[in-house]
Amino acid sequence: MAHPHTSSRLAGLLCLVILAVAWLVPAHPARANLVVDINNPTFEPIPVAVPSFSAQSQVPSRLAEMTQMGDDIAGVVAADLERSGLFRPLPQKSFVEQGLVPERRPRFPDWKAIGAQGLVVGSVNFLADGRIEVLFRLWDVYGQQQMTGVKYETTPDNWRQIAHRVADAIYQRLTGEEGYFDTRVVFVAESGPGTNRVKRLAIMDQDGANLKYLTKGDFLALTPRFSPNSQEITYLSYFNNKPRVYIYDLETGRQELLGDFQGMTFAPRFSPDGNQVVMSMEKNGNSDIYIMDLRTRKIRQLTDGPDIDTAPSFSPDGQFIAFESDRGGGQQIYVMRADGSNVKRISFGKGRYKTPVWSPRGDLIAFTYTSGGVFKIGVMRPDGTGERMLTESFLDEGPTWAPNGRVIMFFRGYPSRGGHVGKDELWSVDLTGRNLRRVPTPGDASDPAWSPLLR
Amino acid sequence: MSSHALRMKFIVLAAATLAIAACEKKSEQPISSAPPPPQQSSNAAPQANVNEQMYAPGSQEELEATAGSRIYFAYDDYSLDARAQATLQKQAEWMRKYPNKSVVIEGHCDERGTREYNLALGARRAESAKRYLVSLGIDEGRINTISYGKERPEVVGSNEAAWAQNRRDVTVVQ
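The listed protein sequences correspond, in order, to chains A and B.
Position one of the first sequence corresponds to residue 1 (the working numbering), numbered consecutively onward.
Position one of the second sequence corresponds to residue 1001 (the working numbering), numbered consecutively onward.
Isolated chain A (complex conformation) (with noise of 0.2 Å):
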């Protein structure tokens, strides 16, 4: 079934065509004196500098904009390291050396005296051909050495795109690990009073840019995820009134019916193939875990009985899955194998544990805890041991992984007052628990989805 309120294509949005290749890197690389260790909980923030990246046009005319893109690509980097908690963005105006560019050694000196660890020399240079080249090097100012360097060569627009890469070529090759600045974040957009709100499905970098709306509020959407390739996401829609899984095309902006069942379809997944979808179907008021075959629409239930089973989230391997049941009297958390067999409970504490979801790292599993009116963002090992409470508040709820499984992102909500209805706000915190921030959308948010890396 074709979905009428679909909005404008959004073609192109997710198939960048971007050449990025090791630059210069040399080629037995020096022991790193600069490197992040992000397990460390009372890790300082390493101090960086990212100067603008020097601008450079092969048709003269676009030189002005080159000069602001290398200004703009900078700041994206900058905004990237500060938020991730890791890094300390130095500010521009301390700066001693200017004119820095990537085919010569800044002075090192100028660098150390301020106080940078690191330092990231970039350039952008508009080609002949209407694209543009970026390139940098991060330099160990301590060790006097360059740690990376990456060229690119891509269109204008997607200069912002290239600051993520940048960014997170920085971040994997002074912590170890893959970055996840170049991801997108697809959520909630609510709007309207708190007796009818409108909920629109949105989507926007991880950084806040770029934001789109893909549903126009007619109908609500929640609890949008995305398949594995980033192309489709799959949702909850109450079109005409029935609520149901659909899945909706980035590409081309279509919307698909999931199956034409009876009951109401909630609480969709895709299975890390992208061949699956796991969800919750509802019949006769009961509601038990499903799986549907993409390729053949074949549906199989995988729990039964009487109790509310929901919330499924597979493995990365794909060979598990975690849900969330009250077939124990509360919520808890159980993990079966993909056939359904197996089950398993896995939390045992006091209150209750809800919306698992597995790290991409197969390490960890994200939850919701609830107890004595506060909501929590917590993590477990699969196996149920090493629990960890990362956020407290009136309403932490739903959460969603990085692709590196480092950073959880979530949406808080605030009481309602005086009959004014609560904010939601997504908000994102480490695996740590420190470097809890808020998320910045335009309005109310709920909902989130972090899409895996763009590449």
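Do not take every clue at face value.
[What the hints assert, rightly or not] 27 Å max Cα-Cα, derived DSS-like pairs, lysine-lysine:
1. B/K1101 with A/K242
2. A/K283 with B/K1101
3. A/K283 with A/K298
[Said to hold, decoys possible] The following label-pair restraints were derived from C-beta to C-beta distances:
4. A/R295 with B/S1102: 36 to 42 Å
5. B/Q1060 with A/G330: 33 to 39 Å
6. B/Q1060 with A/E256: 32 to 38 Å
7. A/N241 with B/K1097: 24 to 30 Å
Just so you know, the hints here were simulated from the structure itself, not pulled from any lab data.
Virtual Cβ for every residue (Gly too), placed ideally from N, Cα, C.
Position chain B against the provided structure of chain A, taking the given hints into account.
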């Protein structure tokens, strides 16, 4: 809770309802479906001094005036208490009076649960009312259900009074 225990609870509640219904007949109070929560919202059942006849026969307004359209639930619960059953009995009476009318029962929750669970809980609440109406002889083909989870509160507020009003079923004439 096992389904057996649930059934037992249902039977006990049904017995209690009969007793209460018997009491109400003796009362001089007009039949009203006034909900237990303290704050009346603007679209709650009209007061009894309003003449029923002013509503179009078979309309939503008439259902509200003669039976009441809302029943309420305890926290994280979908069982029907005596008051809910009394309202549903009047709804069944109304549906027998208008055999061509169908209804949608909307199941709603307060804001203190997670989104997915509340969708499932709202479905349970709507189904509870539907099953009860069917047990009173209403054809189940005339009763549709939908869950709104915590998406459509009746009252905006983060306190027990508001939550109690939001944990509800609303019967809507189609």
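Hints, verified against the model:
For the given pair, B/K1101 sits about 20 Å from A/K242 by alpha-carbon distance, which is consistent with the 27 Å threshold. Between A/K283 and B/K1101 the CA atoms are separated by roughly 23 Å; this keeps the pair inside 27 Å, and the hint holds. Only pairs whose Cα atoms come within 27 Å are accepted, and A/K283 paired with A/K298 is accepted, the gap being roughly 17 Å. Distance hint check: the CB atoms of A/R295 and B/S1102 are about 38 Å apart, consistent with the given range 36 to 42 Å.
Evaluation of the 33 to 39 Å hint for B/Q1060 and A/G330 yields a pass: the beta carbon distance comes to about 36 Å. Evaluation of the 32 to 38 Å hint for B/Q1060 and A/E256 yields a pass: the beta carbon distance comes to about 34 Å. Distance hint for A/N241 and B/K1097: a CB-CB separation of about 26 Å, consistent with the stated range 24 to 30 Å.
No hint from the list above goes unmet by this structure.
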